[in-house]
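Sequences and hints are given; from them, build the entire structure.
For this note's numbering, add 158 to where a residue sits in the sequence shown, where the first one is 1.
It is worth saying that the hints were derived from the structure and are not from the lab. Given the structure is predicted, the values throughout are model-derived calculations rather than measurements. A couple of the hints might just be wrong.
Result set (DSSO-like, lysine-lysine): computed pairs, CA atoms no more than 30 Å apart in a straight line [what the hints assert, rightly or not]:
1. K480 with K220
2. K161 with K177
3. K220 with K177
4. K179 with K476
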Amino acid sequence: MNKILMFGAFAPKGVEYFKEKSAGRYELAFGSTYEDLEKHNDAAYIVLRGPAMDAEHIAGLKNARMLHRWGVGYNDVDVKAAGERGIRVAITAGMNAQPVAEMATLLILAAFRHFLQHIDDAKHEKLLGSYLIADSWMINGRRVGIVGMGAIGRKLTKILQGFGAEVVYYDVFRLPEEVERELNVTFLPFKELLATSDIISLHMPLLDSTRNMIDAKAIAMMRPNALLVNTARGGIVDTDALLAAVRERRIWGAALDTVEGEPLPSDHPIFSEPHILLTPHVGGNTEDNIVNMAACIFDNIERLERGEEVVPRCLVNKQYLKA
Numbered sequence: 159m160n161k162i163l164m165f166g167a168f169a170p171k172g173v174e175y176f177k178e179k180s181a182g183r184y185e186l187a188f189g190s191t192y193e194d195l196e197k198h199n200d201a202a203y204i205v206l207r208g209p210a211m212d213a214e215h216i217a218g219l220k221n222a223r224m225l226h227r228w229g230v231g232y233n234d235v236d237v238k239a240a241g242e243r244g245i246r247v248a249i250t251a252g253m254n255a256q257p258v259a260e261m262a263t264l265l266i267l268a269a270f271r272h273f274l275q276h277i278d279d280a281k282h283e284k285l286l287g288s289y290l291i292a293d294s295w296m297i298n299g300r301r302v303g304i305v306g307m308g309a310i311g312r313k314l315t316k317i318l319q320g321f322g323a324e325v326v327y328y329d330v331f332r333l334p335e336e337v338e339r340e341l342n343v344t345f346l347p348f349k350e351l352l353a354t355s356d357i358i359s360l361h362m363p364l365l366d367s368t369r370n371m372i373d374a375k376a377i378a379m380m381r382p383n384a385l386l387v388n389t390a391r392g393g394i395v396d397t398d399a400l401l402a403a404v405r406e407r408r409i410w411g412a413a414l415d416t417v418e419g420e421p422l423p424s425d426h427p428i429f430s431e432p433h434i435l436l437t438p439h440v441g442g443n444t445e446d447n448i449v450n451m452a453a454c455i456f457d458n459i460e461r462l463e464r465g466e467e468v469v470p471r472c473l474v475n476k477q478y479l480k481a
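Written as structure tokens, this is what we have:
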């Protein structure tokens, strides 16, 4: 009986799903420290949510067939080291697209309409909030530049088009023309997107090529009324450069679900800037999406058990796997 190790912090509903599906078929173990990982180094399948997996940790695994991320970020997994040992690295591709797209929409609305300030005003009997009207904006009629037109970017496109926004995009892999027509989106070079968009929303993985992609130079290309939205990975944005630009009103603001070095200390200057919203990386976390994530992972485990391959869009280290 092969062992599944759930390594990290998981919601109760996800644990319940794995317990139910594993009963009588797999040995199910749990851990959150590297001592736990060493204790269960005979696990065939390791479900990761939180802890990093570098080459040293991977080398200590005796029986691993697959490391499966709960989510789509795998920048802290050494995919090459895993592949060279014949271990697949997989992600839950597309499974969190809807909740993350909804979160991005929420952040845009909350920023443009000063949602948190209005709640505070209501508590203090300031019911009109008229002093904020001159600095409040609609999504309707805005140009939204989406950087990374994968599953999340496409979901967000449909949502924001429903508000009456124009959507343009940049991706290192341009979509086929027929898909662009179907989505009603226009491809723009990266710099042109930055220079012409009212809202810029980031939806790409954190790789060497995307780390600090939004740096001081990129921010300097943005319009003075631009809102930067990041529900992807904190390391994509240079936080200091962003904070300086917002403070100096070189861009309008930022709405972030993630930031480099999270969680930030409570006295970090980012929290004193009214034109920056920051939530604690919860975009993909909803109770009703947990089962979708768990089912995706368990399906890929079952595929390997049957001698099949994992779903292609989920496998991220195919190029490193030994033939």
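Checked hints:
1. K480 with K220: Since the Cα atoms of K480 and K220 sit roughly 17 Å apart, the hinted pair holds (cutoff 30 Å).
2. K161 with K177: holds (12 Å)
3. K220 with K177: Holds. K220 to K177 sits at ~23 Å (cutoff 30 Å).
4. K179 with K476: Distance ~27 Å between K179 and K476 Cα, so the pair holds.
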